[in-house]
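Please work from the sequences and hints to get the whole structure.
Residue numbering for the sequence shown follows our numbering, beginning at 2 and increasing consecutively.
Bear in mind the hints are in silico, worked out from the structure with no lab data behind them.
Note that this is a predicted model, so its numbers are computed, not measured.
Errors might be hidden in some of the hints.
Derived BS3-like pairs (lysine-lysine); straight-line CA-CA distance at most 25 Å [what the hints assert, rightly or not]:
#: 1; residue 1: K376; residue 2: K165
#: 2; residue 1: K238; residue 2: K216
#: 3; residue 1: K322; residue 2: K139
#: 4; residue 1: K244; residue 2: K98
#: 5; residue 1: K155; residue 2: K357
#: 6; residue 1: K357; residue 2: K152
#: 7; residue 1: K376; residue 2: K322
#: 8; residue 1: K237; residue 2: K216
#: 9; residue 1: K376; residue 2: K155
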Amino acid sequence: MRKPRTGFILIGITAALCLTMFVYFDKRERNLVNMILRQNHAASDTHDPIFVDKTRNSNIKYSRDENMDDEEKWNNDQSASEKYSRNVLVDKGINLKLQLPLKGQTFNPVVRGFVEQLKRKGEVAKDVEIENIGQYAKSHLQLRDTDLNAKELKNIKNCKASSKQDYQKNYGAFFGGDHGRLQNIRRTHHSYLDETKFMIEVGGNWGWDAGNFSKLYNMNYLILEPLTPYTDILEKKFAGNEKVSIYNIGLGSDNEVVMVNLEGNNACATTKFSKKNGTVPIYIVNAIDFLTDLGVGVYELDLLTMNCEGCEFEVLETLVKSNLIERIRNIQWATHTQVSIPNPWERYCRIHELLKRTHRPTYQYKFNWESWRRKDIK
2 MRKPRTGFIL IGITAALCLT MFVYFDKRER NLVNMILRQN HAASDTHDPI FVDKTRNSNI
62 KYSRDENMDD EEKWNNDQSA SEKYSRNVLV DKGINLKLQL PLKGQTFNPV VRGFVEQLKR
122 KGEVAKDVEI ENIGQYAKSH LQLRDTDLNA KELKNIKNCK ASSKQDYQKN YGAFFGGDHG
182 RLQNIRRTHH SYLDETKFMI EVGGNWGWDA GNFSKLYNMN YLILEPLTPY TDILEKKFAG
242 NEKVSIYNIG LGSDNEVVMV NLEGNNACAT TKFSKKNGTV PIYIVNAIDF LTDLGVGVYE
302 LDLLTMNCEG CEFEVLETLV KSNLIERIRN IQWATHTQVS IPNPWERYCR IHELLKRTHR
362 PTYQYKFNWE SWRRKDIK
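Here's what the structure looks like:
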C-alpha cells in the first residue's frame, strides 16, 4: 500500500485551518454588528428616536416609525436606512472598539502613563487633564498648504517616470540584501526608542514586528489591527504587558466600515481596496481624529509605523494636510502598489514631496520600505 504524500496532507491541513479561521472571524464580526444593533434598539426605546446625518454636515433629521418592529426599517425610506447603517451604526461600532483597550478606565492606560511621565519631566503642562487632552490637541490643529510648486511638480514627474524601475530594484535590495536579513532594518533602525518613548503601529498582523519592537525597546506601544483573529492573537501575545495596548481598528481618511475578503497567506494581504465583494467588516478611523483623541499634538509621537496593505496612502495624505505632521518625530511605512489601490505611483511621489517639507529619509527603499525623521532632529 502506498503511503500518502506529505504534501497533500499539509495542503489539506492548511485548507482546514484557513476555513476554520474564516468561519470564526465571520461569526465574531456578525455577532458584534448584531450586538450594536440591539444596543441601538434598546437606546431608542428610552430616548428621542431621532438622529442627525453627520457625514454631510447637514441638519436633516430622520425619525423612526414606532409601529415597525425591525430597527433597520426607517419610515420605509431606503435612503434614511442607508444613512443609518452607514453612519450611526458605524459610529457605535467604532466607539465600542475604541473603548475595549481602555479596560474600563476613562482613558487609555498606556497613554495615561506616558503623559504622566511627560508631566513629571515638564514636557506637558501639569494642569492638562488627561480626559480632556484630546480637546487640547484638536484646538491646536491647523491646515497646511499642500499646493505644489514648480520644482515639486517636476520632482513628481521624474519620480513617476522611474517608479517601476525603482520598485523592482529596491524590492530585490530590501528583501534579498544580506541574505534576507536587511529587511530587519525596519525593526532595528529605531535605536532612539526606549522605555520612555511612545510609538504606534498600524497593521499589527500576527505580531511579527510587534514582538521584536517590544523586546528591543520596551517602549509605550499602541498596536492597531482591524482583523479580529489577529487582534485576538496580539492580545494573547502581550497579555500582562502593561506597556502595550491593542485596538481592533485600522486608520484611514474617514470613519467607515469596509467589507473585505481575507486575502494572501494567512490573510496578511487583506486590504480595503480589493475590488472583490467583501464579506468581513473592518472598522476604519480617521487618522487625525484617532491621534488627537490620544493627545498627539499636545506631546510628540516618537514613531508611527505602518504596514497596512494600502492604508499608508490615506493616512499620510491626511496627516500632511495638517500641522499634526509636525508633532510626529519619525514615520516609517511599507508601500503597497497593487492594482486595486487607486493611482499608487503618483500618490507616493506626491506624498514624498509634501513630506520633504518637514521630514527627511533616514533609510529608504523606494516603493517598498522607508523611514523619515523630522528635519530638526539629528
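Okay, the hints, checked on the actual structure:
1. Between K376 and K165 the CA atoms are separated by roughly 28 Å; this puts the pair beyond 25 Å, and the hint is violated.
2. For the hint linking K238 to K216, the alpha-carbon distance of about 12 Å falls within 25 Å, and the restraint holds.
3. Pair hint K322 plus K139 holds up; C-alpha atoms about 14 Å apart against a cutoff of 25 Å.
4. Using a Cα cut-off of 25 Å, the hinted pair K244 and K98 holds, with the two alpha carbons roughly 19 Å apart.
5. Of the pairs offered as hints, the one joining K155 and K357 holds, with about 14 Å between alpha carbons and a cut-off of 25 Å not exceeded.
6. Distance hint between K357 and K152 is fulfilled; the C-alpha atoms sit about 12 Å from each other, no more than 25 Å.
7. Restraint check for K376 and K322: satisfied, since their Cα atoms lie roughly 18 Å apart, inside the 25 Å limit.
8. A threshold of 25 Å between alpha carbons decides the hint, and for K237 with K216 the separation of about 16 Å falls inside it, so the pair holds.
9. For the proposed pair K376 and K155, the alpha carbon gap of about 22 Å is at most 25 Å, so the pair holds.
The earlier numbered hint that this structure contradicts is number 1, and it is the only one.
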